[in-house]
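Novice: Listed here are the chains, written in short residue letters.
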Amino acid sequence: MAARQKKRKQTRKNTRPRSRETKKRQRAPVKKTRATLNIEKSILHVRVARYNPQMDFHARTHEYHVTLNKGESVLDLLTRIHETQDGSLTFRASCGYGGCGACGVKVNGKTVLGCVTQVSDLMTENQTIHIEPLHENVIKDLVVDEKPFFDELEKISPWITPRINDVKRNHKMGINDVQKLGNAHQCILCGICNAHAESQKTGELGPAAMVKAYRYRMDVRDANTQRDAVISKQFPVHYSLEKANACPRSIFPGDKIKEMRELSHKQKQTFRGVKK
Amino acid sequence: MSTLTHDILIIGAGLAGQRAAIEARKQNMDVGIISKVHPVRSHSVAAAGGINAAIGEGDDWKAHFRDTVYGSDFLADQDAVKILCQDAPSRVKEMESWGVVFSRTNKGEIAQRPFGGQSVARTCYASDRTGHMLLHTTYDQLMKTRPTIYSEHYALSLITENNHCAGAVVWDMEKGKIISMRANAVLLATGGYGRAFSVTTNARICTGDGLSLAYNAGLPLEDMEFVQFHPSGMYGKGFLVSEASRGEGAYLLNSKNERFMKKYAPQKMELASRDIIARAIMSEIAHGRGCGSQKDHVYLDVRHLGEKKIIERIPEIRKTVHEQLGMDCVKELIPIIPTAHYSMGGVPTNVHTQVIVDAHNNPFPGLYAAGEVSCLSVHGANRLGGNSLLETIVFGRIAGQKMAEHVRENTRNKGSVDFSHHEEKARARVDELLTSVKGTKSHVLRTKLQQLMMENVGVYRSKTGLTSAQRAWKKLSTESKAIHVEDKSPTFNMDLIHALECQNLVTFSQSIIASALARTETRGSHARTDYPARNDQKWLKHSMAVQHGENVQLFYKPVIIAGYAPEARHY
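Heads up: the sequence lines are chains R and C, in that order.
Its first residue numbered 1, the first sequence is counted upward by one per residue in our numbering.
Its first residue numbered 1001, the second sequence is counted upward by one per residue in our numbering.
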């Protein structure tokens, strides 16, 4: 294993940056040769971002040709390529129905869960689909480093701090109080919102951490005022709240953040009003 | 090769593993958790319907106990069922105080819905995302205890020496290297094995790895023939259409638009236990009353519930059916078919979650199991919906407590166990796969096994089918020793992991086929066309399967009856 790691081969360097390549591909019309005219319309050009730390200095793109099957999701497609063409193609996947959050990828620029996204919905007119990892922090191929994403959650104490009079509550919670949470507690921690936020570069709390904070902030059973202090100091201003709304669970972190900011502002005003 | 040491090593970070970790951390144990996916990706997240607890007014744990034992077709060990049902109310209330967002009644109490095989409505639920809610809340509480989590690490083998468990050899998936983990106590919490079948609700990760860890270490596997086929899997995909739909009043219809459950379970109808319904569906199809052009499925009808109730009570079903099948269940019928869903069998344990080695329940020191991978047995021959989530929390907590006790009572003799032999063996297994130049690809072998199991070890079994399955298995076993892994890089090698998982699937499938062939009766989810009746005189006992060279050796263990004598079972 050591020997294998030692040898870092000089690969064919893909000297052109990906973005230019993409633009060139998009500009060039599909050449209509005799061969292409005879090919069935369902042949897909699948351009996948590849990166193997043992072999590559930086990411490269590999193009696969497959005939698209009806009803195939992005994950189905990747699986088929992995099984029938290239066993080294690596990606995360688990539940297959959009519930676990493992398979986030970028498809033709759109961040989605691969298992619930139909290829036919996203492919371009010239039968092309470009699949990239969710963000730049890549371990291998489409597998990104999730550790910073999960570690960040701890900054906002993502657990309940029960109110002192919890015993009297007798495990009751009004339906109105449940509705106050909206759908924040349905987050599957897929990382798609954070992928847009680039908050790791700015040092701000990412949208997923803000949604988690909202989930406990709005829970009547929680009494963690320290968390409020943490999030009100770090209300994110640098990332696009609109882009963060790419959430596959329709949670809209941007809206949640705005709501918490307004609440925090109101509380400060009230405090000032009370102070004598 | 590096060696890490913890008091307790937990393999698998779903609900059971996480709950055990929380309990052990509360008792100041040094806990290492390994999981082949990040903990929140565990399959517990997919559980939908709810969690049972006798917290309602007029409800009693004894009624829950009777329902569970009846549902198990009297194969459940009643001492374990007692603990499950007695502890349920405290566990559910604890989850609520941890912040689980349960659905509520108008009075603000935890809402409970009717569920299969239950005499009263006692299934507490969070819409139809109960598993997700419980898992993420438990993960939040786990974070509070600051555990050591080795995410994306795969257990290759258990280290067993001098008849006790001393740790495990583990593969770091990101770096591609082997680590030995020493521990005073090891917990198997790796979940079920739905992926041994071609049609399953289970995620890709449900490959029964913990079962193979135990089986390869010479330990027995209990009641492996009892595989639950959930009646309502999405036709063509296998994904779960939760029992919650039937709890809210859905109908099952055949091609004649009849609610055919009237013939099979006239009292409970669509809320009979899952084994009865799965067989009913297969029977309807076999008699030509299946739906669709191929007449190979039936319909689930929720249209009469109305859009408002569907959005409130079963929104995930509506969403998934729309995403996967492109239909709106408010207006259309959902095509369903029985699908491999849950493994009643597994690594045998006593009520303290200690893994046992023989018919006398002698424990194997240092090794524990909890959750779906274990077989206590609380579910016997058939599990009731809502009892699985409960099992993970009740026995996950007990596992944490018992392991902490074990650690306190047994000071580890550091360095007494030689790990190098186990490391070399594990290294050899990985190297053989990484350097392979020919052989069967893992997905080809896996598909062959899945089809074999689905056809011959499915809802209905027979001597002919099981015998031919045994013969075919031998060929697959030979092929599994020469799998071709195309990806040679050590970093995050999914091709390698799939090959290891495939080998595991083949390994323990042997015990499923053998146990099913030997059991000449129909009980719970094990249905023999050649032996259609239940036979308490001969078969009121647990099957135990042990590896014996290339074959399986079977022995039997008595069922613990404690308060509810077996009777005829009808719904």
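Please keep in mind that the hints were generated in silico from the structure rather than gathered at the bench.
These figures come from a predicted structure and were not determined experimentally.
Ideal placement from N, C-alpha and C gives every residue a C-beta, glycine not left out.
Fair warning: there could be bad hints in the mix.
[To be verified] List of simulated lysine-lysine pairs, DSS-like, C-alpha gap at most 25 Å:
no., chain 1, residue 1, chain 2, residue 2
1, C, K1308, R, K180
2, R, K180, C, K1438
3, C, K1107, R, K180
[Claimed, not checked] These stretches of chain R come out as covered by chain C in the derived footprint (C-beta under 8 Å, 3 or more residues):
no., segment
4, 58-64
5, 178-190
Novice: Assess, step by step, whether the Cα of K180 of chain R is no farther than 25 Å from the Cα of K1438 of chain C, and give holds or violated.
Specialist: Distance of about 59 Å is beyond 25 Å: violated.
Novice: Count residues of the segment 178-190 of chain R with a Cβ under 8 Å from any Cβ of chain C, then say if the count reaches three.
Specialist: holds (count 7)
Novice: K1107 of chain C and K180 of chain R were given as a pair; does the straight-line alpha-carbon distance stay at or below 25 Å?
Specialist: Since the Cα atoms of K1107 of chain C and K180 of chain R sit roughly 17 Å apart, the hinted pair holds (cutoff 25 Å).
Novice: Taking 8 Å as the Cβ threshold, is the statement that the segment 58-64 of chain R is covered by chain C upheld or broken by the three-residue rule?
Specialist: violated (count 0)
Novice: Between the alpha carbons of K1308 of chain C and K180 of chain R, is the straight-line distance 25 Å or under?
Specialist: 19 Å, holds
Hint compliance for this structure: hints 2 and 4 are not met, and every other hint is.
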